[in-house]
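A.B. asks: Read off the chains here:
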Amino acid sequence: MRTKEDRIFQTIGSTIMIIMTLLALVPIALMMISSLTDNATLLKNGYSFFPGKWSLYAYTWIFQSNGATVIKAYGMSFIITIMGTICSLFLTTTLAYGLSRKGLPLRGILTFLVFFTMLFNGGLVPTYINYTTIFHVKDTIWGLLVPGLMMNAFNVLLMKSYFTASVPDEILEAAYIDGAGEVRTMCSVALPMAKPIIATIAMFAGLGYWNDWNNGYIYIVKHTELFTIQNLLNRLMQNIQALAQNSSNLSSAQQGLAQIPSTTVRMAMATLGILPVIAVYPFIQKNFVKGITLGGVKG
Amino acid sequence: MNTMMKKAGAVTAPAHKMNGKRIRRFIPVYLIMLPGLIYLFINNYMPMPGLIVAFKQYNIKKGIYGSDWIGFKNFEYLFKTSDAFVITRNTILYNVAFIIVNTFMAIMVAIILSELYGKAKNFYQSAILLPNLISTVIIGYLVFAFFSVENGFINNTILPLFNKDSVDWYSKSQYWPFIIIFVSAWKSVGYNCIIYLSSIMGIDRSIYESASIDGASKMQQIRYLTLPLLKPTIIMLTLMAIGRIFYSDFGLFYQVPMNQGALYATTNTIDTYVYRGLIQIGNISMSAAAGVYQSVVGFVLVLLANLAVRKFDKENALI
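Residue numbers (the working numbering), protein chains in the order written: chain A, 1 to 299; chain B, 300 to 618.
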């Protein structure tokens, strides 16, 4: 039975949530609509939800004039995301599995070593010097792949507690007594039982790699052919900024600017960057929520 | 080999003190863990001693350990500039604002979502979580679409409605605290509310039923049941955030204001300062000093926050 107060609460609550939903989606919509607007119209009216004239020119321009660069960056993003996720899963799962094994000597110390990295770190400068002077990752694909993203203490501990809670030690012991080696025990007994958490960690890692721009920004300086889509977006913003600054000084540059549909291209590129995430979102959303809940307070 | 191990396993199960045999039995486990441990060493532990670079005149040819010691000179320089004060103030004040605004928003949304009927709430939840999955570079683009001086939605559509003149958003630093706090809330509310929502879902529904039989209104139920029961979660998450008060989301303060010099007064934080010192200005020593300042003070704060958590609730303490 619903009281009057209940109905008022439902109305106000729904209104607030509808506003929040709009606030979340509207900026993304503005970006997508702007990418489909005619560039001259956009320069006249600004970014708008109701463009006077629609146009696909930004996309044709990207794929005709800059096609190679954009497709390469897109491909780079996919390669980095796939390789990174695989490496990340491998490192995280193996370490977490080991840390979850009861009776493992030094288990406490090793767990603390993982955990300690959440409390204290060397910070950017020593990390940068370490990776560039000792491992020489600068301007190589390793610079995108290795620093920071491949494994983090949070995911390891999350997975470790999942193993501890959901994979009973007796089952592992039984497999062991049946003559399965540790690797086989892990692969054929523990991992199948930990599928949900593996999916969650894979998703965290994949998103982390797809959205990362920091590594490319710091470690890729000369070899811009290694740029991911995020790095290209970053570079594009700076370059067009330079163009726009010139145009206010020189009126003749205005014509050049009009030929490059810079304002719409910017938004079209950003749309391309967001598209894969939106495409997989319905599939990962449940897992994502579950992962956050699992991590819960410890996050 | 297998049979040998089997024997060892069978023996170790009851006997705990046979360390040598136990270690031998677990050698394969150590091997399994090795790649992860190596990465941990390279990525996290190798840089740590490098913090001493802050006490040196860094010379790239001599490396960190070969460079000359100069004691606290880098720190003297750092704290003589007004930068040290500005970046500390910005980092802390923004974090305080985030803690207040984001916690309030997250709790509000979580309570509403938990009380709403119907299927629509699943859609709301998915929608508000989406901004969390977008890269900071693209968030910078979204903000730009609204605030761009020539083409921005606000200057072209919103301000003319009120007969106001265009604002040069990217050179007026006074607006940015609001923009950044808004963007932070926009990005994180969907994420943060999940934790509160799961706490609310963990509450036994029967207490609400008995409350409503006793005549408690919805607002009273929220005020006297939900909020008090959420208190442990709120305190925990707030303490954790206080522990992180010396750190900032680098992308939020670098990408979103587009690294505009005119905005540094209100957008420069310790993280952006360290980054600019290292990459743009090339003043590695100064940057390292700021990094050590952050690492050390940050470490102390995390420890203190954890002590507080421990005192409050042992189960949720990290240490």
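Since the hints were made in silico from the structure, they are not lab data.
None of these values were measured; they are calculated from a predicted model.
Treat the hints with care, as some may be off.
Unchecked claim - So the derived label-pair ranges between C-beta atoms look like this:
#1 Ile177/A x Leu602/B: 39 to 45 Å
#2 Ile351/B x Ile18/A: 21 to 27 Å
#3 Ile369/B x Gln238/A: 41 to 47 Å
#4 Leu330/B x Phe135/A: 19 to 25 Å
#5 Thr140/A x Asp503/B: 54 to 60 Å
The beta carbon of each residue, even a glycine, is placed where N, CA and C say it ideally should be.
A.B. asks: Let me make sure I understand: some of the numbered hints might not hold for this structure. Which ones are they, in numerical order?
C.D. replies: 2, 3
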